[in-house]
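Once you've looked at the hints, dock chain A against the given chain R.
Number of protein chains: 2
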Amino acid sequence: MSGDIIEPKILKGFRDFLPEDEGTRKKIQRRLEDTFESFGFVPIDTPVLEYAEVLLGKGGGETDKQVYRFLDNGKRDVSMRFDLTVPFARYVAAHLSELYLPFKRYHIAKVWRGENTQRGRYREFMQCDFDIVGVDSASADFEILDIMRTSMRQIGVEDFTIHLSHRGLLNRFLRVLGLENRSVEVLRAVDKIPKMGKDEILVLLSDLAGREKAKDILAFTEPEKTNGETLTKIENLSGGPSPESERLRIVFSCAEETGMIGDLLLNPGITRGLDYYTGIVFETFLTALPGLGSVCSGGRYNNLASLYTPREIPGVGSSIGLDRLLAGLEELDKLRSAQPQAHVIIMNLDENLTGYYHNLASELRKGGLGCEVYHEKKKLGQQFNYAEKKHIPLAVICGEEERSAGVVTLKNLVDRQSYEGIKPGELVGRVRELLPA
Amino acid sequence: MSGDIIEPKILKGFRDFLPEDEGTRKKIQRRLEDTFESFGFVPIDTPVLEYAEVLLGKGGGETDKQVYRFLDNGKRDVSMRFDLTVPFARYVAAHLSELYLPFKRYHIAKVWRGENTQRGRYREFMQCDFDIVGVDSASADFEILDIMRTSMRQIGVEDFTIHLSHRGLLNRFLRVLGLENRSVEVLRAVDKIPKMGKDEILVLLSDLAGREKAKDILAFTEPEKTNGETLTKIENLSGGPSPESERLRIVFSCAEETGMIGDLLLNPGITRGLDYYTGIVFETFLTALPGLGSVCSGGRYNNLASLYTPREIPGVGSSIGLDRLLAGLEELDKLRSAQPQAHVIIMNLDENLTGYYHNLASELRKGGLGCEVYHEKKKLGQQFNYAEKKHIPLAVICGEEERSAGVVTLKNLVDRQSYEGIKPGELVGRVRELLPA
Chain R
1 MSGDIIEPKI
11 LKGFRDFLPE
21 DEGTRKKIQR
31 RLEDTFESFG
41 FVPIDTPVLE
51 YAEVLLGKGG
61 GETDKQVYRF
71 LDNGKRDVSM
81 RFDLTVPFAR
91 YVAAHLSELY
101 LPFKRYHIAK
111 VWRGENTQRG
121 RYREFMQCDF
131 DIVGVDSASA
141 DFEILDIMRT
151 SMRQIGVEDF
161 TIHLSHRGLL
171 NRFLRVLGLE
181 NRSVEVLRAV
191 DKIPKMGKDE
201 ILVLLSDLAG
211 REKAKDILAF
221 TEPEKTNGET
231 LTKIENLSGG
241 PSPESERLRI
251 VFSCAEETGM
261 IGDLLLNPGI
271 TRGLDYYTGI
281 VFETFLTALP
291 GLGSVCSGGR
301 YNNLASLYTP
311 REIPGVGSSI
321 GLDRLLAGLE
331 ELDKLRSAQP
341 QAHVIIMNLD
351 ENLTGYYHNL
361 ASELRKGGLG
371 CEVYHEKKKL
381 GQQFNYAEKK
391 HIPLAVICGE
401 EERSAGVVTL
411 KNLVDRQSYE
421 GIKPGELVGR
431 VRELLPA
Chain A
1 MSGDIIEPKI
11 LKGFRDFLPE
21 DEGTRKKIQR
31 RLEDTFESFG
41 FVPIDTPVLE
51 YAEVLLGKGG
61 GETDKQVYRF
71 LDNGKRDVSM
81 RFDLTVPFAR
91 YVAAHLSELY
101 LPFKRYHIAK
111 VWRGENTQRG
121 RYREFMQCDF
131 DIVGVDSASA
141 DFEILDIMRT
151 SMRQIGVEDF
161 TIHLSHRGLL
171 NRFLRVLGLE
181 NRSVEVLRAV
191 DKIPKMGKDE
201 ILVLLSDLAG
211 REKAKDILAF
221 TEPEKTNGET
231 LTKIENLSGG
241 PSPESERLRI
251 VFSCAEETGM
261 IGDLLLNPGI
271 TRGLDYYTGI
281 VFETFLTALP
291 GLGSVCSGGR
301 YNNLASLYTP
311 REIPGVGSSI
321 GLDRLLAGLE
331 ELDKLRSAQP
341 QAHVIIMNLD
351 ENLTGYYHNL
361 ASELRKGGLG
371 CEVYHEKKKL
381 GQQFNYAEKK
391 HIPLAVICGE
401 EERSAGVVTL
411 KNLVDRQSYE
421 GIKPGELVGR
431 VRELLPA
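Residue numbers (our numbering), protein chains in the order written: chain R, 1 to 437; chain A, 1 to 437.
Here chain R stands alone, though its shape is the one from the complex:
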């Protein structure tokens, strides 16, 4: 009302999605959904806003700086979700009686973190989680890896490696070294090797465990020439065969049998930083972009919902970093713009034919084709220009004369050829013939 113009700016770390980018994201999201569903996974959704106490735990007095937390108009202490794991734990506890275990769900949704935006991080981003809860078996562990592999293939990524390990074996090894009470710190330190380099981590580990044991730990984390050799090494170092080494052995034999072994690397240096993992852990790297970091990570946890229910619920799951993956695909030029485009546009030569144009369009759509109508009688050049910008390959041209004669002209906007005298009843068929393969 004031006549003052407000600058249409958005918050730092947030993004508008132009149609090309949103189209791509939607296309990839559909492929992921279809993949998850082909494995029997079902979708759920949870609120974006929840009680801060529920998301952050009791005594969360010192707010995590990364969390968007505030008092709502009813003075409730609320937070926006910062991941999909905590809400899932809360969801499983709340709906145990309505769910059947094992429960396999996926959830693709936005989360918010007030991160430092300087390293190209976003404060609003999409997560894509899939988990199996209620069962602790090699079969479930393997299925999550299989879904990761299949998902990557389905979205056009061929060259990647899933780095896999088992936390329990490293912990057994630490017990052998008498370091069981430094497990959390050691696992966190090992997790940082790729980021900080071995030398720096050796210093860090030496402080925790002494220089000799620090060297032993680094040696443990090195993959050998083959997955088999690595498994033998860490099995021996961790005190011989154990349920944990047996679990890894079965997972690798499944991978062998299903032909995905080439995508798997047993890498004992993978620990994941987070405390709640208890079994296998994994990260996924694009071969051409190792510096991008993991695009799909997760692991087994044996007590998902302990904050909300006394019942122990084991699970295994993984999360695709959709934004990071899209950025990677774009860098590799593997992302063709997926802006939806109509197959045909009906040009506007005579506004008295508006109803006729919409009728033609409707028939084309009934024939399974995407069709636009140009909504104003502008110069044909301008209309062609619009069609070109939207990558529409074919145009229907029809003025009053053609309408009276019961025909239309079809124009191929790529090679500029025209096809005259087409009857409306033949239009769907002719369009299909002329569409680029």
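No wet-lab data here; the hints were simulated from the structure.
Only a predicted model underlies this, so the values are computations on that prediction, with no experimental measurement involved.
C-beta: ideal position from N, C-alpha, C; glycine also.
Certain hints may be false.
Stretches of chain A that chain R covers, calculated by requiring three or more beta carbons in the stretch to come under 8 Å of a beta carbon on chain R [what the hints assert, rightly or not]: (1) 8 to 14; (2) 23 to 35; (3) 41 to 55; (4) 87 to 93; (5) 308 to 318; (6) 344 to 358; (7) 376 to 389.
Have a look at the derived ranges for each label pair, beta carbon to beta carbon [said to hold, decoys possible]: (8) A:R76 to R:D4: 16 to 26 Å; (9) A:E351 to R:L332: 15 to 25 Å; (10) R:Y419 to A:R30: 27 to 37 Å; (11) A:R76 to R:K75: 53 to 63 Å; (12) R:T226 to A:G429: 31 to 41 Å; (13) R:D34 to A:R336: 16 to 26 Å; (14) R:N302 to A:A405: 32 to 42 Å.
Below, chain A without anything else, positioned relative to chain R:
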């Protein structure tokens, strides 16, 4: 860590979506997306959080109670979006140079309003908007109505009526009555007739305009026996033929020509409460549930982004109230649960066959079938129970003996018939034969 259990409760007015409901929502969302795209509409996305000033306008000192507004960790005054229209206006102004006009976009996303939850309203809900901006023509107006009609059909709604009018004609009529300066109040009062009843609105209008003119206004808003008669009436009352009545005439003739006239009612009582509409306005009612209110509404506005740019951008658009529509469909029993389900489950008879099972599953998936693997060797009864809960129609049963013989048994879980001796290579074909139509 404290051992205290936190109650897994959620905020009033917010919802968890169980797989059946989320599956249904996703299915309907895909159908809508496909419909919009068949008309050449493209998807966009905008941030959930924006500067409060940008969403609420300058001098928004007295916060709208319905808006979730707070200071973020950087002390920025931010709000969660409360609709998709304001962010769209901001988006168009921000990206004018990157967009081609006319621009046709859709946006399906959540919005938040701290509404009174007592009337079954949600504080977090899904909106689904589609708009054409950059053109002011009958063709564009008609296309929005056509999309509304087509969308309803695509999601299985057959019996509905789109009530349509043109604000300009009511305004012309008010000018005839000498009430042009009471237009905003009169339009808002007329908008409330369905909710408050004619008697009450007559009192309200009498206060504004005197009893005689109030009666004239009510008479104006009454639809006649046919759309044609109604159009003639309001054209005459508003001072004779005008660009506005001509616009309605073309829209109705397009509807006639494309066979959608039966879904349209010219209802001069439709005004929409909001100030920004300037042309046609419309609401959609399900025939069987008139009390549900409009499930799809909108209209033409001639200055979408005036808050953010001096450039005048006309547009026309509509919004589907997805949650209300879903509630209506559920009440009409028109909503079949759309929880995704696999076609086959591989039963777990022997954990040594884990890799073999996953291999069979992988082959079935490559054959285009959804397939689950049961992840533990539990009693078969328990496994069948799981399959039944997930509505999986077929099971593959294979123990070590079958594996050695190179065959599996396929069991129809509906009629309990078993088919033995099937070779893995024949499995996809046999499953397809046995699937329920």
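A quick look at each hint next to the structure:
no.	hint	verdict
1	8 to 14	holds (count 5)
2	23 to 35	holds (count 5)
3	41 to 55	holds (count 13)
4	87 to 93	holds (count 3)
5	308 to 318	holds (count 3)
6	344 to 358	holds (count 8)
7	376 to 389	holds (count 3)
8	A:R76 to R:D4: 16 to 26 Å	holds, 20 Å
9	A:E351 to R:L332: 15 to 25 Å	violated, 39 Å
10	R:Y419 to A:R30: 27 to 37 Å	holds, 34 Å
11	A:R76 to R:K75: 53 to 63 Å	violated, 21 Å
12	R:T226 to A:G429: 31 to 41 Å	holds, 38 Å
13	R:D34 to A:R336: 16 to 26 Å	holds, 20 Å
14	R:N302 to A:A405: 32 to 42 Å	holds, 38 Å
Of the numbered hints stated above, those contradicted by the structure are hints 9, 11, listed in ascending order.
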